[in-house]
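*Asks:* In case you want the letters, here they are:
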Amino acid sequence: MSWHTIGTIYGKELRDSVRDRRTLLSTIIIPTIVMPALVLGLGKVASAVISKAKEEIPRIMVIGGSDSPGVRGELQRSGRFKAEPASADWKSLISEKKVRAAAEIPEGFEKALESGSAPPVTLYDYEGELKSGLAVDQLRNFFIGMRERATARLLTARGLPATIARPFEVKIANVAPPEKIGGNLLGGIVPYIIILLCFMGAMSPAMDLTAGEKERGTMETLLCSPAARTDIVLGKFCMVLTGSLVAVACSLVSMGVSLVVVGASFGVNPAGQAGHGGFAPTIDPVGMLGVLAMVAPVAVLFSAVLLAVSLFAKSFKEAQSYAGPMVFAIIIPAIVGMLPGIDLNLRLALVPILNISLVCKEMLSGVWHWGYISAIFGSTALYAAAALALAVKMFRCEDVIFRT
Amino acid sequence: MIEARLLTKVFHDKKRGQIRAVEAVSFRAEPGRIYGLLGANGAGKTTTLRMLATLLRPTSGTAAVAGHDVVGEPDKVRANVGFLATSTALYARLTSREMIAYFGRLNGLDEPSLRSRISSLADELDMHEFLDRRCDKLSTGMKQKTSIARMLVHDPQVMIFDEPTVGLDVMTARSIVRFVRECRGRGKTVIYSTHVMSEAEKLCDVIGIIHDGKLRAEGSLADLLARTGGPDLEECFVKIVSPEGPG
Ligand SMILES: Nc1ncnc2c1ncn2[C@@H]1O[C@H](COP(=O)(O)OP(=O)(O)OP(=O)(O)O)[C@@H](O)[C@H]1O
Ligand SMILES: [Mg+2]
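Protein sequences appear in the order of chains A and B. Throughout, our numbering is defined as the position within the first sequence, counted from one, plus 164. No gaps in the numbering here: position 165 of the second sequence is 162 in our numbering, and each next residue is one more.
Chain B extracted, bound-state conformation (with noise of 0.2 Å):
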């Protein structure tokens, strides 16, 4: 469960002066369902994400995710979170297996529960053919299954996966939105940013629109078409982000 109140980041940047790059945002993640998070480059989906991974602190605002609230008790937040961005890159020198297990062990497992644990990951993820291989020697959609053991190694209840099919192609694309929804099955709250409509539409349950920092839009797919009468989810964007559209 992740409930953001009025999430608000202000950044202070030299050249550009302040940056409101999420604000005011409140929305509510249930378990065992995919709330997608769909805005344009810059529109402050990684900002948000990071916000409730306790990653960067809010401005102002708060958020409880699994519980914790994310300014009061970040570690707890932490262990209750499992975080991918396009950002969270693997260490080049550790095997696949290791950074896994580091993960692991940060997280306070035992090597017992981890050994059985990194072998049911691999399973699920198909990954046995490349675990002992050095991260830098990995494909990318190798390294994108490693960044996903790696982060669902301690079995959190909730989720954020930011933009995580970037530059990869269809098949280990589809393959790791096939996973994300048995995450979905085992009740799990997902969070899931993207910019590609298709992929919001098969998706998720729930769709929040951010555009400029701000939530223009929220609602299930069939209410957003609703409320906008367009065909399908991207003209429905397009209407809800332009200036002269609604939100």
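Only chain A is shown next, with the shape it has when bound in the complex (with noise of 0.2 Å):
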């Protein structure tokens, strides 16, 4: 192995590569635009549209009650909601989103409330829709206040303090810093993106670099060189993992760049209502860290598997034919770690990506567990050895090179 030699072809590969536009799109212009897009689009259409859904008076229909005038001159007093007697088809309306939800009020309902045993009220909603969802919670809130004045009467009547019905009440307060509710809210999805741009930003160089240079007849050119078969593909492995690497780098660094610029935009608003409120969305810079730490092993898997693969292939084209199937396959575990639920444990630590998709969550919410994050980072490492030893020895056999 001669160092010279791998920096003279690393060199080349780079100087090749930066004048080349294809990798220069998918190493630097798409991971550039993908993050700023995702924080302000995704952040603004979804902080727009519940709010837009906040806003809206939800028209909704009440089933019977005529007997009950009190109950339904509430609900139309309450300025919450608008609502009308319901029309023979009140449920297929719903079902079209032209009426979000449906109350329906037992005969005598009013009267037995007075005695303090009414029959249930039943209401209605299209469930999975966020505006029915939103209007039923509603409804259910203004049952749930009449339900407690009730209360409140009959014990005021029984000569009782109101408060019996609720001698302590129950609260909720956060103790996760402002960050980590961040954290949760990107956690899931930055490194399912940066997982997928570390693939992106290796794969143009990895096909340009191999089965490029087959097509265009440059292999053979630099095969005839004195240079050893194990420093070439170093020094293209160098120029992949490079191309993985910015990759990365420009998406973390736009996407810091729009974190405070989207920050600022929402003002002194503190970031502790993130997670409620407002959708500024902010990161934990030392979870960010530890995220970079975990994708660089996962950078030199990819860069090693891409090489291997597209050296195999004869021609450009057929290497993207076998590296397109191969994002699903990231993809997927990818996808799988961004689920609530899934949590890490000694086995799912071994398996490649999503492992990685997971203790990147944690990290993010501030979650360190040590032990995970060496099996993780001693796994892929291996993983990516292999890899990388299966290119060069790949790069040896002549059957693969000379291809027909």
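If you're looking for bench data, these hints aren't it; they were derived computationally from the structure. Any given hint might turn out to be false.
According to the in silico footprint, chain B covers these stretches of chain A (three or more CB under 8 Å from chain B) [unchecked claim]: (1) 175 to 187; (2) 374 to 384; (3) 387 to 396.
Mimicking DSSO-like on lysine-lysine, the simulated pairs with C-alpha atoms at most 30 Å apart in a straight line are [said to hold, decoys possible]: (4) A:Lys557 / A:Lys481; (5) B:Lys134 / A:Lys481; (6) A:Lys218 / A:Lys295; (7) A:Lys295 / A:Lys255; (8) A:Lys557 / B:Lys11; (9) A:Lys216 / A:Lys295; (10) B:Lys12 / B:Lys211; (11) A:Lys557 / B:Lys12; (12) B:Lys11 / A:Lys481; (13) A:Lys246 / A:Lys261; (14) A:Lys478 / A:Lys335; (15) B:Lys12 / A:Lys478; (16) B:Lys73 / A:Lys557; (17) B:Lys11 / A:Lys478; (18) A:Lys335 / A:Lys295; (19) A:Lys275 / A:Lys216; (20) A:Lys261 / A:Lys335; (21) B:Lys73 / A:Lys481; (22) B:Lys73 / A:Lys478; (23) B:Lys134 / A:Lys478.
We put the beta carbon where it would ideally sit given N, CA and C, even for glycine.
Take the two lone chains, each set in its own frame, and fit them into one complex as the hints suggest.
*Replies:* What follows is the structure, given as structure tokens:
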């Protein structure tokens, strides 16, 4: 192994790649654009949709209740609903989103309420639909309020203090620091995007430097130089790795910048409210450093695998047809890692990519399981070394290099 | 000096099965002489030369090139060989100068000697005009000159040319043939494959006729003509490679 040769090859590949538009696009331009688009776009869109939904006064229908005018009047007066008597097709109106929800008031409800035991009120919504859900929440709060007032009235009538029905309150307070809440919000999707960009950044140089060279005939030129085969692979590998890391770095820098910009545009709004009200996403810088450290072996793994796979291909096209499906092999474990409720254990810590996705999610929400972290780092490094060894072995095989 | 001993290459192809591309080819190419390898398409010229340049490993047999064995010391062989084939392309996004410099560095040249070597090659091959132009912007002739400079940047003892004049106009082809002759004059061992009879006639000191992977005949132009009684190399070639012919 000669460092001079590896350096010469790396230097040439770097210069060559910088002049390649396709590589520039996938390693610098796309990663730089994707993150701000995600942070700004997704955050803006989500907050716009939600606040619009909250502002809307939902149209609801009241089924029955002709003998309970008080309840119906109160519903109308509350100003939180546009309540109207149910038409016969109220169910389909809810399905068609013309009406958000409906409340069924049983016969003799008001009368029974006075005596303290009324039949149940049934609320109808369209489950999974955001606006319908908000409307039914409002309705439920309305009826709970009504129930509490009724309780208080009944107790007072019997000469008991109203608080007897609620001897204590239950409160929920947040202890997670503000950036952790942001972490959970962005934490799921950021590692996923980074893993994807890490792969995309390596893809174009890997294919160009192997299958592309075979196709254009420069591989044979390179092979008749005295450079050792291993040095050639390592030089090329360094370039592919550079592509992968540059893609990640560009995406992180642009994400950092866009977070600062977004934070500024949301004013002094403390990040603590980010999780609840406003959608100013924030991210824990220490967690981000952790993610970066974990991405390093993944970048090595992707670079080596892509190098080996595209080395096998005869042409750029063929290499693309191998690398394309591999994107799915990466997206699926990365998405599984984003799902709530899947937590790290020792077995999952050995599953490539999924383990990274999971550990990054933890680190961004401020949890550091050092045992898992080292197991994941170690296993990924091991897989990466195996893939690199495979690439070297393939490069020594003339059937692969002169495949016809 | 090249000494091929029973060089054999068998390819395994899924559709065509076993292909004996080169079979027991033995010959000697001496310093200061041009050895011509003459053969039709698919005769096995490129395969033979690729084995000499250590791009392919012989299935059996071996060759000594510049005193090193192609099987045992391929790295040392490559350090002493310049190889040019129709399939050895240039990096499109590098300039002509960068291309030559890259291969100079891979051959271990230091920067000062690299600079002087590039300028002397550019003088010899008349390349100054396009030295800093990107290779994808060069004409076929300019590309071929760049390739020659690339193959010779480390001043190898042995030069392997595989059909170097394919696709070139008469003037460029002549300048390349003249350059190959100059290399012979400097005592280099030159092996030159072609299927152009006139080129072989004018250029080669020894001609080996290869057909179906086998070396059918070998000798100087005069020898071959005398042996077959043909008026020119073309007739002689046809007689040798035809099934009923000698060989
Ligand atoms: N990598 C390979 N795999 C399988 N068969 C091959 C391979 N390379 C060459 N061949 C076959 O070996 C035979 C000799 O090919 P070769 O390229 O050496 O001929 P050539 O004399 O250089 O021909 P041309 O004048 O067309 O360049 C041909 O039948 C060719 O199809
Ligand atoms: Mg050929």
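*Asks:* Against each hint, give a clear statement of whether it holds in the structure.
*Replies:* Okay, the hints, checked on the actual structure:
Counting residues of the stretch 175 to 187 of chain A whose beta carbon lies closer than 8 Å to any beta carbon of chain B gives 5, which reaches the threshold of three, so the coverage claim holds. For the stretch 374 to 384 of chain A, the proposed coverage by chain B is satisfied: 4 residues have a C-beta within less than 8 Å of a C-beta in that chain, meeting the threshold of three. Judged by the Cβ-Cβ criterion of 8 Å, the stretch 387 to 396 of chain A is covered by chain B as claimed, because 6 of its residues qualify and three suffice. Proposed proximity of lysine 557 (chain A) and lysine 481 (chain A) is supported: the alpha carbons are some 23 Å apart, at most 30 Å.
At roughly 24 Å between alpha-carbon atoms, lysine 134 (chain B) and lysine 481 (chain A) fall within 30 Å of each other, so this suggested pair holds. With a C-alpha separation of about 8 Å, the suggested pairing of lysine 218 (chain A) with lysine 295 (chain A) holds against the 30 Å cut-off. Between the alpha carbons of lysine 295 (chain A) and lysine 255 (chain A) the distance comes to roughly 16 Å, so the proposed pair stays at or under 30 Å and holds. For the hint linking lysine 557 (chain A) to lysine 11 (chain B), the alpha-carbon distance of about 22 Å falls within 30 Å, and the restraint holds.
At roughly 10 Å between alpha-carbon atoms, lysine 216 (chain A) and lysine 295 (chain A) fall within 30 Å of each other, so this suggested pair holds. Restraint check for lysine 12 (chain B) and lysine 211 (chain B): the C-alpha separation of about 23 Å stays at or below 30 Å, so the hint holds. Distance check on the hinted pair: lysine 557 (chain A) and lysine 12 (chain B) sit about 26 Å apart at the alpha-carbon level, within 30 Å; holds. The suggested pairing of lysine 11 (chain B) with lysine 481 (chain A) holds, with an alpha-carbon distance near 21 Å, which does not exceed 30 Å.
Straight-line distance between C-alpha atoms of lysine 246 (chain A) and lysine 261 (chain A) comes to about 14 Å, which keeps the hinted pair within the 30 Å bound. A hinted pair counts as satisfied when its Cα atoms are at most 30 Å apart, and lysine 478 (chain A) with lysine 335 (chain A) does not qualify at roughly 65 Å. With a C-alpha separation of about 17 Å, the suggested pairing of lysine 12 (chain B) with lysine 478 (chain A) holds against the 30 Å cut-off. Only pairs whose Cα atoms come within 30 Å are accepted, and lysine 73 (chain B) paired with lysine 557 (chain A) is accepted, the gap being roughly 21 Å.
For a cut-off of 30 Å, the pair hint linking lysine 11 (chain B) to lysine 478 (chain A) stands: about 16 Å separates their Cα positions. A threshold of 30 Å between alpha carbons decides the hint, and for lysine 335 (chain A) with lysine 295 (chain A) the separation of about 26 Å falls inside it, so the pair holds. For the hint linking lysine 275 (chain A) to lysine 216 (chain A), the alpha-carbon distance of about 38 Å lies beyond 30 Å, and the restraint is violated. Of the supplied pair hints, the one linking lysine 261 (chain A) and lysine 335 (chain A) is violated, its CA atoms being roughly 34 Å apart against a limit of 30 Å.
For the suggested pair lysine 73 (chain B) and lysine 481 (chain A), the alpha carbons sit about 35 Å apart, so the restraint of at most 30 Å is broken. For the proposed pair lysine 73 (chain B) and lysine 478 (chain A), the alpha carbon gap of about 28 Å is at most 30 Å, so the pair holds. The hinted pair formed by lysine 134 (chain B) and lysine 478 (chain A) meets the criterion: a straight-line CA distance of about 25 Å does not exceed 30 Å.
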